[in-house]
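Asker: Model the full assembly from the supplied sequences, consistent with the hints where possible.
There are 2 protein chains.
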Amino acid sequence: MLERATAGDVRALARVLTEIENRTPSGRTFMHDLFPRGGRSWSTGITGAPGAGKSTLVSGMIGRLVPDDGRLAVVAVDPSSPFSGGAILGDRIRMADHAGDDRVYIRSLANRGALGGISESTPAILAALDGLGFEELLVETVGVGQSEVEIATTADTTIVVVSPGWGDAVQASKAGFLEIADIFVVNKADRPDTDATVRDLEAMLALGAPMSWSPPVLTSIATDSVGVEAIVEAVHRHREHLVATGELGLRRERKAARELAAAIRQGVEASSRDRNATAELVARIAAHEIDPWTAAESLLAAR
Amino acid sequence: MLERATAGDVRALARVLTEIENRTPSGRTFMHDLFPRGGRSWSTGITGAPGAGKSTLVSGMIGRLVPDDGRLAVVAVDPSSPFSGGAILGDRIRMADHAGDDRVYIRSLANRGALGGISESTPAILAALDGLGFEELLVETVGVGQSEVEIATTADTTIVVVSPGWGDAVQASKAGFLEIADIFVVNKADRPDTDATVRDLEAMLALGAPMSWSPPVLTSIATDSVGVEAIVEAVHRHREHLVATGELGLRRERKAARELAAAIRQGVEASSRDRNATAELVARIAAHEIDPWTAAESLLAAR
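Protein chains in written order, with my numbering: chain A, 1 to 303; chain B, 1001 to 1303.
Keep in mind that the hints were calculated from the coordinates and are not lab data. Note that beta-carbon positions come from the ideal geometry of N, C-alpha and C, so glycine has one too. There could be a bad hint or two in this list.
What the hints assert, rightly or not - Partial pick of chain B residues on the chain A-facing surface, computed with a CB cut under 10 Å:
1. V1010
2. A1012
3. A1014
4. M1031
5. P1036
6. A1261
7. I1264
8. R1265
9. T1278
10. A1287
11. W1293
12. A1296
Unchecked claim - Just so you have them, the derived chain B footprint on chain A, three or more residues with Cβ under 8 Å:
13. 22-36
14. 257-268
15. 286-298
Answerer: Right under this line is the structure:
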């Protein structure tokens, strides 16, 4: 199954990812085999408020990022994304652009359960695609909450997309985007207040602690493919910067620590005899009937 | 020991908290006994950039919050706070104000190890003080990172303190403070750009999703005790709001879930045979030698 998926069999690929997403025993075995094969792909996260034009931008980036003799995968965690089947009237993205290209694989994680579930399976799906030989990974998330910010921070390069307007700049700032953005994109740059928004973002960024990488603020009109080339170039520059400074190693170590902590919690929860045991313990902690350390001990002992 | 600490014996109190902080077996036993006695205190977090005047404000709030026949504890997680022994020249706080008041207990967690250690022991120390009968808890943190934001979100009411100036408003926004603030305070309100800062913050808050509680933006001159009374009143109003709307129960349940997850991770790490096992596994995950789920399983199996 893994060999067929690696060779590009789309149905095998879908089955492997579904098993991993559902955390079945086969999924665990697949992950165990795939993870050590990975570490060579580059993941680019695209996040921003709904309506900023993330999907159109992703669609434009695909053609410029897909390697000639390699593969690219898009993981859509935004339920309103056309990649997730959530296309709305007026959305000008044409999925057909990539429908015939077997170097491009698109996977939606948007309709697979609650938000917590989505954000929890995303790192595993990305690691699996990495191990399956996809050189480029694009992750589209809707950045309106802590969970999405967490997903974004698992990417090697994070692009934050905003629309022109002071409101959007402030929203980006409020959502914690200034911390996570490696590249800022003001999309819909044919609108009048584009320059002001770029200046606002640059001013906000300048107030932060100096960093070895200064996130550029780029503009694009994704629907007309304007500015997309420069964004892809910025992704490449950012990649070179992380590699050259050694920061990539630090980032991937931090990511590993987060993944281990999440896996420990999942392992404990999955193996506790009663599925509701965790929820019940949380309620009892909230009611001050039991302390968190004793509760953790009882979950660990129940394994 | 617990009875002496509860009765107000300061040395017993210090010993109990130290055992809990160091996670010794006695500390675990203390926690086990203390946690179910708690749930009655109100914790107010005061956060903001260094130099905003948090400590002076805390000092002013102590006298107005301490119950006549009860007790108040200050937990300082900011290494630069005078409460942590880090007073700097020009700091006008007089700790002597409260030195003779045995209803007030001050505990610094600032010099006890790395940041991760600090933020990890803070919830346990707060829960212990709660169980020891302190009705009011004030937590001072320096809000310049994710860890501090996490600490702040464990408080029932979170006050974000900024200095006048557009830079501070933007910094507050960048640090994720707009999300966590229940009350905003623009301190040093004798400075010229105070009104503009209040307006900026109110405009930023207005752009956010509507909430059942609208964080007020207050002003103070903490060094002259101006505005402190209104801040304490706002804390009381916020408390009444959380209780009346039932939101308090939701908040405390979310907090319990976070505490349980942290306790599980701590439990696994503490009992792994090799102290360095976790760090080694993280490095191996980062190097793609082992997947996080297998690594978690090996840590759990090693217990």
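Asker: So which hints don't hold here, by number, going up?
Answerer: Hints 1, 2, 3 not satisfied by this model.
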